[in-house]
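Spelled out, the chains give:
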Amino acid sequence: MTYLPLWFIPLFPLIGTILLGTIAVVSSGAKKGPSEGLVGTLAVLFPALSFAVVAILACTMPEAGLRETLCNWIDIPLFRADIGFLFDGLSRIMLLFVTGIGSLIAMYSIGYMHGDRGFARFFAYINLFLFSMIVLVLADSLLLTFLGWEGVGLCSYLLIGFWNQDIKNCKAANKAFIVNRVGDVGFLLGMLTLVTIGGSSILNYDGLAAFIKMIFGANMVSEVVLPLSLAGALIFIGCTGKSAQIPLLTWLPDAMAGPTPVSALIHAATMVTSGVYLLARLGLMFSMLDQVLLVITFVGMFTALWAAIAGLLQNDIKKVLAYSTISQLGYMFMAAGVCAFDASIFHVFTHAFFKAALFLGAGAVIHALAGEQDMRRMGGLINKTPVTACVMIFAFLAIVGFPGFAGFWSKDLILERLFVSGPIVGPLVYVVGLATAVITAVYMGRLIIMTFFGKYRGSKESEEHIHEAPAVMLFPMVILAFGAIFSGYLWADSIGITFFRDSMASVVGEAQALYAASNAVSHVNPVIFAALGTVAALGGMFIAWKVFGHARIIGVKGASTVPEGSAASWTFLWDYIHCAFIAGVNILAWFCDVVVEKVLQAIQWTLAAIVEILGDGASVLQVRKVRLQLAFSIAGVALLVMLVVFSGGLV
Amino acid sequence: MELQAMYIQVLALVIFAIGIIVAISRRNLFFVLMGVELALNAVNLSFVGFAKTLPAEASITGQIVPLFSIAVAAAEACVGFAMVIMIFRNKESVDADSYSDMKG
Amino acid sequence: MLLHLLVIAPFVAAILMVLNSRDDSNSSSRMAILMGVAFAVMSVALIVTGNQATAPMEWFHIPGTRGPVYYYLYAHGLGSWMVFLSCGLSLVALISARSTTGKNYRNFAIGIFALMGAMNGTFLAADAVLFFFFFEAMVIPAAILIAGFGGEKRITAALTFAIYTLVGSAPMMVALWYLLTIADNSLLLSMAVAIQSLPAEHQALVLLSFLLAFLVKTPIFPFHGWQAITYSEAPAPLSAILTGAMSKAGVFGFIAWVLPIFPLNLNYISGLMWLGLLTAVYGALMALRATDGKRLLAYSSMSHLGFAVAGVFSLSEAMLPAVLVLLVAHGISAGVQYFLMGVAERMTGTRDITEMGGLSGKNPVFSFLFGTAGVMALAVPGTAGFVGEFTVLLSLWDLGPLPALVGGFCLILSATYVLRFIQKVIFGKPAREYQEGTRTTALEGVAFGSMLVLLLAFGLHPAFVTNSLHLFDEATPEETAAAESLEGATAAPADEHPMTEDELRELDSTLAASGFSEEERAALMAQIRSMEETDSAAVQDSAVVDSLATDSSSATDTGSVVDTTVAAAAPETPAVETEKTEASENE
Amino acid sequence: MLALVYFIILAVIAVGAALCVLLSRHPLYGALSLIVSMVSLAGIYGLVGSPFLGVVQIMVYAGAIMMLVTFVIMVLNGAKDKRTPMFDGVSFFIIPSVIVLAAMVGFALMRAPLAFDSATVVGSVKVTSETLFNMASTGPGYFLLFEVIGVLLLSAMVAAIFLAKRHLGSVITDNTEEKH
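Chains as they are written, first to last, in numbering that gives the first Met the number 0: chain F, 0 to 650; chain V, 0 to 103; chain C, 0 to 586; chain W, 0 to 179.
Just so you know, the hints here were simulated from the structure itself, not pulled from any lab data.
Here the structure is a predicted model, which means the values were calculated and not measured.
Glycine is no exception: its CB is placed at the ideal position from the N, C-alpha and C atoms.
Any given hint might turn out to be false.
Said to hold, decoys possible - DSSO-like mimics (lysine-lysine), calculated; alpha carbons at most 30 angstroms apart, straight line:
(1) Lys152/C x Lys31/F
(2) Lys167/F x Lys212/F
(3) Lys597/F x Lys152/C
(4) Lys212/F x Lys31/F
(5) Lys383/F x Lys90/V
(6) Lys102/C x Lys31/F
(7) Lys597/F x Lys454/F
(8) Lys597/F x Lys383/F
(9) Lys152/C x Lys167/F
(10) Lys624/F x Lys545/F
(11) Lys152/C x Lys102/C
(12) Lys624/F x Lys125/W
(13) Lys167/F x Lys624/F
(14) Lys102/C x Lys167/F
(15) Lys170/F x Lys361/C
(16) Lys102/C x Lys428/C
(17) Lys459/F x Lys383/F
(18) Lys164/W x Lys90/V
(19) Lys361/C x Lys428/C
(20) Lys459/F x Lys597/F
(21) Lys170/F x Lys102/C
To be verified - Here are the computed distance ranges between Cβ atoms for each label pair:
(22) Lys212/F x Thr353/C: 52 to 60 angstroms
(23) Met0/C x Ala135/W: 42 to 50 angstroms
(24) Val452/C x Gln164/F: 24 to 32 angstroms
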């Protein structure tokens, strides 16, 4: 049976990028932008085509996955890498929602970006992003994944700084890229470590799996576990950068400076989950690195808790969602930390739907309020924008884990896996996870209450203009809302549906079996976890209702959406830590510039000055009196002759 | 005691030294030129003196070359004094040190 | 023929440019660009046709030396690519300078052609004296161009540049002459043989003299005093050539002259490697603080070249292709950044990036190019810079994690300063009102765009670059020379004594330095010792090479076996190239 | 023996006259002393066997050249330069160095083996003219040189006239000077 070639998938967004980019560059000089209809059609068409290809492949894919090597990439002594694609259970799921949600968000953006001067440019970036993301997910080797990895980082940079007239956006973009770069260097060095361990073939996922299996076969685990741990830790640094985990989490809240669809697509649904994807992809390797796994678990735990608390303190609607994203990513990492890769990818999957829906809803709200992002100036919007409100409430129910909604299934699955993972760490992490779930419900409840309930707190004039978003925006939202409700039923453990797990089993099953073999797992009835999760969600919602439902929300003093008072330091503690590093580098740079460089210049110019002075001194001898010169030359000759004669040279 | 070839050379050396001293240490332009003439004479003398130490055919050259050198000296004196006249007209001075227009 | 054309014809072109009218810059620019295109095409042809050499011609005889100096050109992968950089960047410079130099275009073109000829000569010379001749000759047209077309402090810049680099290479001249008095001729192999006969202190002295010249030219950390002022004061098209092609002469010298000639011990190698890394970090830190755009680019260029030098002295097997790709990538990307900076300077009338800004709104095409160039300088995967930096990091990792970590730190810093640069120049709001100068012309845009496309192409298929590297696989210039039987025994060592025990030990240590394992070394030693019995030097030479080749292939086999059987930290497959050179050094 | 006596007498006169040149204040005295010195040198030429050269020395040097010198000195009356010191700092520096140099050269000269050759040719008119003009036996070298010297003298004369005339103050030359 022949399949569609895999390279069709990234090809379409690439064509889209080139076409739209050309349109953007060509039309940039013109007074009026290019036709939005044409650009919009193109922008949605290519991701949709790509989605179609993925869908066809997903249905026809054989169990073992499809592999395709396009061509050679790097071929030098010591190192060889090919450009090749791998389509299996894991990349199928990822690609389905990347291209699917990507297409939906592109469609939404047509409405959102309406009238913007950089319309074509925006969609070129979006297509480039989709291309990179597809390459990231579809790649069959770490190196090609890294291409997509940096590619999505780059697109994130471009899109955060999309409105580049405002220097604040540029700074946020720079921050995102640089923080990501730190992670990327970790990734890079991790790859190098791997190459040192097993040659360049190990970078290929299949090669790596073969390598690990061979280690087990040859019973040499203890010999390579140390370098492998180093490699794993370094790659994990890369994951923390991309997925905004402690310590590299600071860029994501700032990244909300970009257009809202971007936040939905990149900073909630797809790009930030690539860290989780990578962990799952390298599951077999990580499953044998206990220390690294422990680190991952704890990083995920702390991030989840931290970001949830930080989310409580935000006033900017998008920042709440950003912290919520970080927190949810923490869940995914916790799951990955106990080798529950299928659960963690399942949460990625459901999260993509409800978080995208939340962001698009927030975008619709912001759109309706003409750019207002401060929740303290919202309120009562449920009457004015009912569809948006409904979408967001469904998504809210999904994220807090209300029974029956998507988040319920995936989050409970993660919590269950956490609990059963080990004797001490497991319950501890479980408790923190449950507490985080409560807090999640509280801050999400706060967001919904402040936005849609109560009375409108903005100015009177602005109230007039509040309008429901156009259909082109609502349509994707509604679809995503459906996803937020029903996507969980792909793996509803409590009612016995395990479709998702089965489809993932071919990729991560082995790793999880390996882990399970070394960590005794006691079986607990999943219904208990479901019940506890439900209690947590309901409890959180109740608290939110109690605290924020009736509280008078203090009117806004300034235009700033920054949290007030000590909340700022609490939220941005990691920013301060980063600033310390930056200050260190700056001091180093200052030292180089002001001290070392000056000293070097001083030495250089001193030498030059000495030479010049010597030259000047010599030019004193260059007298103007011809007679004196002659006298000197004769005296010189006399001296020379004396020298020769008295040294006995002539005789 | 016979006349030795060396004596002539020593005499030439002495006169040459005096000529150089005159040419350089005196500041009057005329003395400068005269010093040069003196030195030239000494060289001629040296030529002849050496020529006399050589056998027949070879010795002729040493006596021909001074002829030419005398002729060249004549030319030099001719031009040199013309220049002295010219410079003197401009500067009203025969002090060699006062001619320092070409700064170097 | 191609080689002669590439070296001689630029000078002829420079003379032809004199025929042009001084006032009509249009006609002279047309002629110059046409000739530039011809040279670029020739350089591409050079890369395509691969290794080649001209017939050596006796040029002159230096008093005191034993052999004559040859006019002898030789193209290998590395040199050909450098020639490509020099010709390509010159062409773009000729295009770009049209809008800035105005009526003086003719003189500018004359200088550029002379510079190009000298650079080509440097990269193609197979004779040390010829190399040195061109190496020095490069400075003169460059200095004249700076003095004639530079910024406000152009005279200081030109003088600093000329004096610094000429003084830097003065010791090399003396050392070269000294070497020539003991070597049979000034070709690579005989010099390598000659250096073996020197006592260790003299070797070190000669080596340091050579190193100084290249360290200054590259430039490496304590010797970079000329760089920033030169690059910032020079006209932007010239800066692009200087950084894109001329500064490569330093790294090229390390690879093509220092490494083959000198038996380096570990102290030098690691010292130079760390010096390179220090330069990389230092340049990046300086670039972080620079406010003058061209100065920023100068430091960034210094950082990249430091990285390249570190890569060279990692002496890993992957070093040569890695460094080559890095150099080509840096040549193109730094070049295009300088050109674009020149355009920015032209448009805003200042070099100070804090006074620019907002160009993305004013001139989107320029900003697109500028942003893309910046991103490519960041070594984003898919661009040539990534392939270069990744493979160089790979080489550094061979020496241990610490050098690679420092390299990684550089990558982060480079992201920081490039993003700062992009932000200050094209984003935000204009920092001040200014009279807008000439925008990017269509021809310029196409030229810059094609450079960017090249970067992408090399990034996605670096085999374009790496495949041309058969530097040591095919006949080295000396072997060619010997084949053409110059003077019978010129290339062969003067007295062919069997290897002494000391030399064997030395060879052993050099092999150890280049990453051979115990058993491999022992086997190699045994082979060489057995070959000492057969006395014929020629037989010995070929046998060594053959045995090394077979040995390395068997080592590759063991390497792959190791791959599959997971013996911890497999020994790297031995470097065939370095091995051969070292073997020939130790003959 | 007699030759030595004559030589000593002539040498003393020559050196004495040369010293007079050095020490005389007025150029005219210097010129006259120079003539004396030249004449005595001509005597030495005759003494060692080059009478023709001696005669030429008297005719050309002591006669023509020194005639020119005295003429010029007397034309430029201001040459009697009172302000210019005879010797200055430079002079006292130069005299020892020249003396030292001469001493060194003399020292070296003394060690050279020199002796008159008995078979040497007397530089008579006949010998000289044959050498100069008989191209059949000596080749064209001397003759060519002779002709060239003639041209040189002619051109020197023209140059001298031109130089001396140029500054007689003609209006035309002034104008041409301003042009440049």
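Here's how the hints hold up against the structure:
no.: 1; hint: Lys152/C x Lys31/F; result: violated (44 angstroms)
no.: 2; hint: Lys167/F x Lys212/F; result: violated (50 angstroms)
no.: 3; hint: Lys597/F x Lys152/C; result: holds (18 angstroms)
no.: 4; hint: Lys212/F x Lys31/F; result: violated (60 angstroms)
no.: 5; hint: Lys383/F x Lys90/V; result: violated (108 angstroms)
no.: 6; hint: Lys102/C x Lys31/F; result: violated (38 angstroms)
no.: 7; hint: Lys597/F x Lys454/F; result: violated (63 angstroms)
no.: 8; hint: Lys597/F x Lys383/F; result: violated (65 angstroms)
no.: 9; hint: Lys152/C x Lys167/F; result: violated (35 angstroms)
no.: 10; hint: Lys624/F x Lys545/F; result: violated (106 angstroms)
no.: 11; hint: Lys152/C x Lys102/C; result: holds (21 angstroms)
no.: 12; hint: Lys624/F x Lys125/W; result: violated (48 angstroms)
no.: 13; hint: Lys167/F x Lys624/F; result: violated (71 angstroms)
no.: 14; hint: Lys102/C x Lys167/F; result: violated (43 angstroms)
no.: 15; hint: Lys170/F x Lys361/C; result: holds (20 angstroms)
no.: 16; hint: Lys102/C x Lys428/C; result: violated (34 angstroms)
no.: 17; hint: Lys459/F x Lys383/F; result: holds (14 angstroms)
no.: 18; hint: Lys164/W x Lys90/V; result: holds (16 angstroms)
no.: 19; hint: Lys361/C x Lys428/C; result: holds (10 angstroms)
no.: 20; hint: Lys459/F x Lys597/F; result: violated (61 angstroms)
no.: 21; hint: Lys170/F x Lys102/C; result: violated (42 angstroms)
no.: 22; hint: Lys212/F x Thr353/C: 52 to 60 angstroms; result: holds (57 angstroms)
no.: 23; hint: Met0/C x Ala135/W: 42 to 50 angstroms; result: violated (59 angstroms)
no.: 24; hint: Val452/C x Gln164/F: 24 to 32 angstroms; result: holds (29 angstroms)
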